[in-house]
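Undergrad: Sequence:
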Amino acid sequence: MLHYVGILIGKLKRDERGATLVEYAIALLVAIGVGGFVVTNLSTNTQDNFCSADDAVQGAAPDGC
1 MLHYVGILIG
11 KLKRDERGAT
21 LVEYAIALLV
31 AIGVGGFVVT
41 NLSTNTQDNF
51 CSADDAVQGA
61 APDGC
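For the sequence shown, counting from 1, position 39 maps to 39 in the UniProt record's numbering; every step adds exactly one.
I should point out that these hints are in silico values taken from the structure, not numbers from a laboratory.
Treat the hints with caution; some may be incorrect.
[Unchecked claim] DEER-style ranges, computed between Cβ atoms:
#1 L21 x N45: 29 to 39 Å
#2 A56 x I26: 42 to 52 Å
#3 H3 x A25: 32 to 42 Å
#4 A56 x G36: 25 to 35 Å
#5 S43 x V22: 29 to 39 Å
#6 L29 x A53: 34 to 44 Å
#7 V39 x V5: 40 to 50 Å
#8 G6 x N45: 55 to 65 Å
#9 D48 x V5: 54 to 64 Å
#10 I7 x G36: 26 to 36 Å
#11 V5 x T40: 24 to 34 Å
#12 L8 x T46: 49 to 59 Å
#13 G35 x Y4: 25 to 35 Å
#14 V30 x C51: 27 to 37 Å
All of these numbers come straight from a predicted model, not from anything done at the bench.
Here a beta-carbon is modelled for each residue, glycine too, at the ideal position from N, C-alpha and C.
Between the sequences and the hints, there should be enough to build the whole structure, so can you do that?
TA: The following block contains the structure:
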């Protein structure tokens, strides 16, 4: 029985057909996560900058800032 398990594990080690798909999926998830983080921070910084500019021009920010 142990011999057959060893043979099965050996076959699975040599079969790398699905590895590329998994690697691409992981890379895609990392890229989506990093992109979401960057867009979120960029939008927050942009809103803060527009509110600061509005304060400088009008002297008071509207309720949205």
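Undergrad: Report the numbers of all earlier hints that the structure fails to satisfy, in ascending order.
TA: 10, 11 and 13
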